[in-house]
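Visitor: Next come the chains, spelled out residue by residue.
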Amino acid sequence: MKTGLAARFNSGLAWLLLVLLVAPALVAIPVSLTPRRFLSFPTDELSLQYYRKLFTSPEWLSSFGQSAVIGLSSTLLATTIGTLCAIGLWRVSSRAGEVMRAILLLPLVIPPIIAAMAFYRLFVPLGLIDSYIGLILAHTVLSAPLVLITVSASLAGFDPRLEQASRNLGASNWTTMRRVILPGIKPGVMAGAVFAFIASWDEIVVTLFLSKFSVYTLPRRMWNGIRENTDPTVAAAAVVLMVVTLVAFSIWALAVRRQRPTE
Amino acid sequence: MAGIGNSGSLHLKSLVKRYGGFTAVDNVNLEIERGEFLTLLGPSGSGKTTLLLMMAGFQDITSGDILLDGQSIAAMPAEKRNFGMVFQGYALFPHMTVRDNIAYPLSVRKRPKAEIGAKVDEMLDLVHLTDFGHRFPKELSGGQQQRVALARALCFAPPVLLLDEPLGALDKKLRIEVQAQLKEIHNRVGTTFVFVTHDQEEALSMSDRIVIMNHGRIEQVGTPSELYQHPRTVFAASFLGKSNFLHRKDAVYALRPEKIDLAAAGTGQGANTVSGVVQSVTYFGAMLKYQVQVPELGEIEVDVDAWRGGTPVAEGTTVDLTWANTAAVRLEIEPK
Chain A
0 MKTGLAARFN SGLAWLLLVL LVAPALVAIP VSLTPRRFLS FPTDELSLQY YRKLFTSPEW
60 LSSFGQSAVI GLSSTLLATT IGTLCAIGLW RVSSRAGEVM RAILLLPLVI PPIIAAMAFY
120 RLFVPLGLID SYIGLILAHT VLSAPLVLIT VSASLAGFDP RLEQASRNLG ASNWTTMRRV
180 ILPGIKPGVM AGAVFAFIAS WDEIVVTLFL SKFSVYTLPR RMWNGIRENT DPTVAAAAVV
240 LMVVTLVAFS IWALAVRRQR PTE
Chain B
0 MAGIGNSGSL HLKSLVKRYG GFTAVDNVNL EIERGEFLTL LGPSGSGKTT LLLMMAGFQD
60 ITSGDILLDG QSIAAMPAEK RNFGMVFQGY ALFPHMTVRD NIAYPLSVRK RPKAEIGAKV
120 DEMLDLVHLT DFGHRFPKEL SGGQQQRVAL ARALCFAPPV LLLDEPLGAL DKKLRIEVQA
180 QLKEIHNRVG TTFVFVTHDQ EEALSMSDRI VIMNHGRIEQ VGTPSELYQH PRTVFAASFL
240 GKSNFLHRKD AVYALRPEKI DLAAAGTGQG ANTVSGVVQS VTYFGAMLKY QVQVPELGEI
300 EVDVDAWRGG TPVAEGTTVD LTWANTAAVR LEIEPK
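The listed protein sequences correspond, in order, to chains A and B. Here the first sequence is numbered in numbering that gives the first Met the number 0, starting from 0 and rising by one per residue. Here the second sequence is numbered in numbering that gives the first Met the number 0, starting from 0 and rising by one per residue.
What the hints contain is simulated information worked out from the structure, not anything from laboratory work. The reader is advised that the hints may include incorrect statements.
Unchecked claim - Partial selection, computed: residues in chain A whose CB lies under 10 Å from chain B: (1) D129; (2) N167; (3) R178; (4) P182; (5) K185.
Said to hold, decoys possible - Pair by pair, the computed Cβ-Cβ distance ranges are: (6) L20/A <-> G141/B: 58 to 66 Å; (7) R187/B <-> I102/A: 49 to 57 Å; (8) D170/B <-> L71/A: 46 to 54 Å; (9) A74/B <-> P182/A: 56 to 64 Å; (10) S92/A <-> G141/B: 26 to 34 Å.
Unchecked claim - 30 Å max Cα-Cα, derived DSSO-like pairs, lysine-lysine: (11) K172/B <-> K137/B; (12) K109/B <-> K172/B; (13) K258/B <-> K241/B; (14) K288/B <-> K171/B; (15) K182/B <-> K172/B; (16) K248/B <-> K182/B; (17) K185/A <-> K79/B; (18) K112/B <-> K185/A; (19) K185/A <-> K12/B; (20) K79/B <-> K118/B; (21) K118/B <-> K12/B; (22) K185/A <-> K137/B.
Where a beta carbon is used, it is the ideal one built from N, C-alpha and C, also for glycine.
Please take these sequences and the hints and turn them into a complete structure.
Guide: What follows is the structure in structure tokens.
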């Protein structure tokens, strides 16, 4: 059968692509377990020494902490800004609004290296280089469009009559937003927050431009680890990075499933 | 004032709504009396929903005014108008239980908890949903959701309740049941109801008065029997019930199918008698519907009580049609 063959070919191709996409990331797992002193595949035995090093070294721990602080702060800011933008554009829904939306999505289109240079030029005179605030602001700008996209998708499925009903029943704009709109678009807001966190959590290009000595995020330390020596701790850090990302996604997926109708 | 609720009068003065070049509502003047059940009836695009949304405050007014108990509310935002509204599709908040939905208008008004609880109990009782307070909207049937929407819209004792095709999503049998419940609730609360529908039976059976709308204008206003017995225009005569139209000289008359008697050829006795040939007979249980071709009038529809008529007259038979002088109503050629 022709269709059956085509379908099988399609799904085979999809699996092949999936493996090609995921395999390079998974290479970090065996490498992180190597007993040797440089980046290599373990041959006869496995060792957890680099995980021990990762979780005991003050430098690595401090980088974890910094990445978490910057990631969570920029997530909070980006989620707030992105959600408000999405609701505003949804309410206005005009041609000017669509132009505005295109402008707001620009950070996704601009190559990171260009964005990094722009931030650098802007932040030097402002004294924001090598500061938490500078990185948090930059990551917020980069990740707010992600929130705008996910929240807008949620709003597309939101019945505008619910907003009318709320206002008709006497609720102010603010009450309507807090008690009717936000609960209705929660899955989109949470998805946006997860994407925003991940975007900041493994961001390297802009970080390289904006940090020097005092701010040293996890991706930055990994970058240096690979460049200066071939310390397998980098592989262990990569595995931890992936696990954190996966956990964030899982929390979101579970939360969305709980939101679904119970039947 | 009768009833346990509140009630207000609405006065629409020369209301106009234009979208670019299109006039959705065209110079509507209407007095809605305190406590009445008024229906806006018309086909889709007739402006009835736009008119309702203007009363609710969700559509700006191009020109004209809306008065509530003599005070202009045209510039007042929707949330300040204090009107209840039952939306098409009900617009219940899906993340709130039935109780929380009904309590919403009271809690946004910051009423004390005890008062809210008592009021919600009272409303659940009014709509016969006492045991359903803890359920979510999606766990209810369409008819139950409709009642929750009604309870939510009435619990803050609004002076006016606006209903936008609230029975459209229900199947026919349930709709008749809900019509009776809605009418009963209207009698109990005494609130002014403004009801939008395109269903003429619904309009006839529930309303104190009906406003027939067409192309953004009011075609005719009156009680259901006034409109049915004395339609003024071709549109009113054909949209509310069925009519045969008789063209005589320069006038048009509307003649309801059930007001015509059908008799064997040559036996017709009445002020007006014509003869024609039966084209088709359709059986509807309670009645028989005949299409009769009359040379001077065209095709005439005649309804005969099925139990009265004996054996149906066969197709191709020549018959006499008769009707009383008062049965045919002279229409205005141009509306107003």
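Visitor: What are the numbers of the hints the structure violates, in ascending order?
Guide: The structure breaks hints 1, 6, 9, 12, 16, 19 and 21; every other hint is satisfied.
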